[in-house]
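As a plain string of letters, each chain reads:
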Amino acid sequence: MQIPVEGFMYPNEVELQWSVLIVLYPFLTGLVAGAFILASLERVFRVEEVKPTYRLALLTALAFLMIAPLPLQLHLGHPERSFEMYLTPHTSSAMAMFGFVYLWYLLAVLVLEIWLDYRRDIVVMSQSTTGWKRLIYRALTLGSSNISERALEIDERAGWLITVIGIPSAFLLHGYVGFIFGSVKANPWWSSPLMPVVFLFSAMVSGIAIVMLLYMFLCWVRDEEIDMRCVDTVAKYLFYTFIVDFSLEMLDLIHRIYEADESFRSLDFMVHSRLYFSHILLQILLGTLAPIGLLALTQVLKLPEGQRKHIYALAGCLTMVGIFAMRWNVVIGGQLFSKSFLGYTTYKMGFVAREGLLTAIILTILPFVILAVLIKFLPPWPEKSTAAISAAASAD
Amino acid sequence: MKMTRRQLLVLLPAAAVAWEHVLAGTPEASPNYDMTEHWWGMLIDITKCIGCGSCVRACQLENHVPDDYFRTWVERYHVTDWEMEYPKVDSPGGGKNGFRPAREEGGKNFFVPKLCNHCADSPCTQVCPVGATFVSPDGVVLVDQKYCLGCRYCVQACPYGCRFINPNTKTANKCTLCYHRITKGLTTACCEVCPTATRQLADLKNPKDPIHEFLKTHSVQVLKPHLATGSKCFYYGLDGAVR
Amino acid sequence: MKRFKDSEHLFRLAAVFVVGITLFLILRGLLVPHSFGQYGHYRGKAITEIAALPIAYAGHQVCEGCHTDVQDVKSKGVHKGVACESCHGPLAKHAEDPASVQPEKLDTAKLCVRCHEANVAKPKNFPQVASEDHSGGAACNSCHKPHSPAMNAGGSQ
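Chains as they are written, first to last, in my numbering: chain D, 1 to 396; chain G, 1 to 243; chain P, 1 to 157.
Where hints are given, some of them may not hold.
Claimed, not checked - Where chain P lies over chain G, by a calculated footprint (3+ residues, C-beta under 8 Å): (1) 129-140; (2) 148-162; (3) 208-215.
As the list claims (entries may be wrong) - One side only, chain G facing chain D, incomplete, derived with CB under 8 Å: (4) M35; (5) T36; (6) F70; (7) K108; (8) S219; (9) V222; (10) L223; (11) P225.
To be verified - Incomplete in silico selection of chain G near chain P, CB under 8 Å: (12) G53; (13) A58; (14) P66; (15) D67; (16) D68; (17) G98; (18) E105; (19) F110; (20) F111; (21) A197; (22) L201; (23) D203; (24) K205; (25) L227; (26) A228; (27) G230.
Because the hints were derived from the structure by calculation, they are not lab data.
Using N, Cα and C, we set each Cβ at its ideal position, and we do this for glycine too.
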């Protein structure tokens with residue numbers, strides 16, 4: 001397969017190393033971190049308005065976190081050796097340390113918080129359901145059926161503590177992914193102290209947006225009234241986070257243009273040619289400026305509910321496109337130019353291939369499937385769980 | 001180099017013994033090779049390179065390097081006038097079959113062989129998540145083919161573009177400084193076949209090594225010194241336009 | 001203990017974690033290769049494995065050990081610094097068992113131009129010719145002796 005090269009590239013650089021799967025990976029973990037931060041807004045910062053999205057945000061985070069290692073495994077030359085990262089982690093490697101950050105976040109933060117928040121419902125379900133579902137709930141109770149007031153109080157306290165630990169953990173989770181790129185001194189498109197911060201804020205943007213979209217979508221599917229006070233607040237936080245994210249990206253850009261170091265000419269040309277569509281059009285115009293503008297409208301003008309819903313939905317979708325484009329521009333963009341600054345290569349993405357587009361699409365759909373299952377087993381709707389509990393209580 | 005009959009009589013059996021040893025291929029390195037006594041590097045004399053590509057061919061044959069991937073390669077530079085920022089560079093097939101004849105081009109024209117720099121502060125070994133690539137006690141950056149996951153982080157981290165993923169083993173691959181040869185008293189395949197002594201192996205722990213001596217008495221450069229990689233591949237006569 | 005009755009579930013949770021971590025540590029003890037950490041954060045055995053890889057080029061000293069006649073000629077000519085295998089290819093197998101592997105007959109028309117075809121990027125003092133003008137495509141060894149190619153050093157005419 002001949003890969004078209006413009007100018008000069010070191011012979012081993014022509015073929016890209018990290019594919020669309022490695023674009024997908026920070027996108028998925030970003031959604032996790034962002035969704036969790038949104039959940040923590042209610043739990044720790046007592047932003048009552050967003051409570052309807054609390055449990056949904058946690059389940060979304062879990063669904064995406066469970067799928068996140070898959071693109072990595074599919075990308076490895078030897079996935080059967082991936083466990084070596086836990087056996088003999090190289091402490092100077094950000095990638096190795098990330099394995100532990102991931103595990104910590106999954107087990108000690110997310111799963112724990114979900115378990116503590118849902119424990120009462122789990123215990124009730126373990127007593128009220130039958131068949132194999134009953135077995136699953138019983139296993140989840142870990143053998144304890146104590147849902148007395150005192151026990152629940154303890155759960156509440158513990159959950160609060162977990163969330164407090166969870167916020168810096170979420171920052172670490174996605175900041176680390178940023179550091180994996182930002183610490184590579186060989187690549188001037190990646191190497192920057194701003195990289196972890198930019199990744200984190202764009203993660204928060206994407207996470208907040210997806211929970212907002214999911215909440216609105218699921219309300220529409222279930223024919224439930226959308227809590228506008230909740231969605232307005234979520235949109236407000238999305239808007240503020242977006243401003244910070246955009247400012248950081250502009251800071252990086254302005255700094256590069258002003259300092260104009262040896263890599264600048266090559267990178268500048270790359271952005272204006274090979275990355276024009278994904279960077280200028282998708283990421284900046286459609287994916288950042290448009291949603292910020294739309295959200296600004298809702299913040300400045302007093303728009304009726306129907307219009308606000310449409311604007312939020314549109315802004316949310318554009319945001320997702322923009323953040324995905326940002327990951328693409330970082331990962332793929334960072335490999336399109338030569339480290340000699342004298343040439344460019346092309347990314348040949350397969351479709352039906354181990355690291356192809358179809359695989360990426362399937363991996364993007366999978367978390368939603370998992371989320372559907374999680375919602376079935378652990379309903380995030382307050383009314384649902386109350387109804388189940390009263391049904392269980394009346395059945396006694 | 002004249003050789004008397006006497007010298008021959010001494011040398012032949014010695015050569016035979018040495019050769020037996022070389023071919024033994026035992027899992028242990030040469031019994032009289034002590035890793036702590038060596039610190040390997042290489043000197044490349046740009047003023048002598050003729051771009052014949054013998055080194056690239058020899059490396060491929062010695063190390064079974066797959067086609068389209070390169071453990072070493074040669075670049076041809078054309079620098080017009082004084083501007084160092086915009087050289088014209090090409091490396092057709094890594095320079096494996098030499099370069100097309102070029103006559104008048106004006107400006108500065110020269111060849112630059114490249115290979116793994118066997119950095120003392122190697123950024124590639126720093127990022128390996130499992131310890132599959134490492135700097136050996138004698139200063140050679142190696143890859144453990146049985147342990148590498150093929151995550152490609154090291155390939156991204158190398159500033160010199162000398163690493164690749166072997167499509168057959170799906171693991172990271174690069175110049176090993178012919179470790180299997182230098183530990184037996186031979187030189188690297190590329191240095192062996194270089195017709196103009198452009199490439200020469202250096203033992204930086206050996207004060208009697210003539211290349212080590214050369215480094216102490218001549219102006220030499222390394223590639224991308226601002227990245228502080230501790231590169232042990234030294235260039236003599238390197239133009240500022242070289243990337 | 002009544003005091004801990006209401007937090008008993010947390011202790012059960014902690015127990016799950018402890019069991020998990022213990023299992024992991026046991027697995028680690030079993031799976032980490034024995035020579036790992038011998039010299040650094042890597043498998044020490046990898047060094048010996050790499051050092052034991054097969055050799056393809058014998059090295060000119062080995063060639064000179066047997067082919068003394070050629071060496072006598074070559075060492076007096078301008079090709080004295082050119083290793084035998086530079087032109088003849090990797091011949092470790094031949095050195096090991098001379099009868100089993102015969103080096104290929106070389107075609108000088110293709111071989112010599114690799115080094116000696118004129119190229120503006122080659123050092124000025126390196127002997128190079130535009131082969132079309134120089135020999136019109138004739139094989140180089142019709143005039144030059146490859147082992148001692150300089151014409152005034154006794155090369156055949």
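Task: Hint numbers contradicted by this structure - done: 2, 3, 4, 5, 7, 8, 9, 10, 11, 14, 15, 16, 22, 23, 24, 25, 26, 27
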